[in-house]
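K.L.:
The numbering of the sequence shown is full-length UniProt numbering, which starts it at 1 and goes up by one.
A portion of the hints provided could be inaccurate.
[Claimed, not checked] Here are the in silico distance ranges between beta carbons for each label pair:
#1 Pro16 <-> His61: 34 to 44 Å
#2 Ile94 <-> His66: 18 to 28 Å
#3 Asn60 <-> Lys10: 31 to 41 Å
#4 His61 <-> Pro119: 15 to 25 Å
#5 Lys141 <-> Ile94: 23 to 33 Å
#6 Trp122 <-> Ala30: 17 to 27 Å
#7 Thr35 <-> Tyr102: 10 to 20 Å
[Claimed, not checked] Derived BS3-like pairs (lysine-lysine); straight-line CA-CA distance at most 25 Å:
#8 Lys154 <-> Lys89
#9 Lys7 <-> Lys105
#10 Lys10 <-> Lys24
#11 Lys89 <-> Lys105
#12 Lys155 <-> Lys141
#13 Lys104 <-> Lys56
#14 Lys37 <-> Lys105
#15 Lys154 <-> Lys96
#16 Lys56 <-> Lys89
#17 Lys155 <-> Lys96
#18 Lys56 <-> Lys28
#19 Lys104 <-> Lys28
#20 Lys56 <-> Lys7
#21 Lys37 <-> Lys11
#22 Lys28 <-> Lys39
#23 Lys141 <-> Lys104
#24 Lys125 <-> Lys39
#25 Lys56 <-> Lys105
#26 Lys89 <-> Lys11
#27 Lys89 <-> Lys37
#28 Lys56 <-> Lys96
Since the hints were made in silico from the structure, they are not lab data. Computed from a prediction, not measured in an experiment: that's the story for all the values here. Glycine included, each C-beta is placed from N, C-alpha and C at the ideal position.
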Amino acid sequence: MATPLLKTYKKFKWLPFGNWLFSKAVCKRAPYFGTIKPKITHLSEGRITAQMPNRKAVHNHIGTVHAIAQCNLAELCAGVVTDASIPYKTHRWIPKGMTVQYLKKAETDLRAEATISLPRQWQDKEELIVPVEVFNNEGVKVFHADVTMYISAKK
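The task is simple: from the sequences and hints, build the whole structure.
P.N.:
Structure follows, in structure tokens:
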């Protein structure tokens, strides 16, 4: 059964600028994500793809995309794909931690992908690791994150 978030995405994606509107709605719900100006380009149960523009507001002192901006993109992807995949009537989630690897300088716009293996049995008090891969415009992986989501049954 599709989650409310996934149903909303499916409605928006057919509209002109639908991915942009959906991304804005996600950022309204979790405002800090808006600092990276993300655009969710694909969302399905178990899979997400999002983009982040390279712009001065997310740069570090050497003119590349800041490490925390990349973490922000990874957490956005992990959270949205978890929300789109979890049985929302019986379970809930919250980020618990993140392990990251900075593989190359991020000097272009970025594209992030996250996947959750489905189907799966959702447990109570479970730690779900959501891997997120981030690529530059040339398709080179510049960043990897394993985002730990704490999954619990609703009371």
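K.L.:
Against this structure, judge whether each hint is valid.
P.N.:
Status of each hint after checking the structure:
no. : hint                         : in the structure
1   : Pro16 <-> His61: 34 to 44 Å  : 39 Å, holds
2   : Ile94 <-> His66: 18 to 28 Å  : 24 Å, holds
3   : Asn60 <-> Lys10: 31 to 41 Å  : 37 Å, holds
4   : His61 <-> Pro119: 15 to 25 Å : 45 Å, violated
5   : Lys141 <-> Ile94: 23 to 33 Å : 27 Å, holds
6   : Trp122 <-> Ala30: 17 to 27 Å : 22 Å, holds
7   : Thr35 <-> Tyr102: 10 to 20 Å : 19 Å, holds
8   : Lys154 <-> Lys89             : 8 Å, holds
9   : Lys7 <-> Lys105              : 36 Å, violated
10  : Lys10 <-> Lys24              : 15 Å, holds
11  : Lys89 <-> Lys105             : 41 Å, violated
12  : Lys155 <-> Lys141            : 40 Å, violated
13  : Lys104 <-> Lys56             : 18 Å, holds
14  : Lys37 <-> Lys105             : 20 Å, holds
15  : Lys154 <-> Lys96             : 17 Å, holds
16  : Lys56 <-> Lys89              : 41 Å, violated
17  : Lys155 <-> Lys96             : 19 Å, holds
18  : Lys56 <-> Lys28              : 22 Å, holds
19  : Lys104 <-> Lys28             : 31 Å, violated
20  : Lys56 <-> Lys7               : 34 Å, violated
21  : Lys37 <-> Lys11              : 21 Å, holds
22  : Lys28 <-> Lys39              : 13 Å, holds
23  : Lys141 <-> Lys104            : 7 Å, holds
24  : Lys125 <-> Lys39             : 31 Å, violated
25  : Lys56 <-> Lys105             : 15 Å, holds
26  : Lys89 <-> Lys11              : 21 Å, holds
27  : Lys89 <-> Lys37              : 30 Å, violated
28  : Lys56 <-> Lys96              : 29 Å, violated
When each numbered hint is compared with the structure, violations occur for hints 4, 9, 11, 12, 16, 19, 20, 24, 27, 28.
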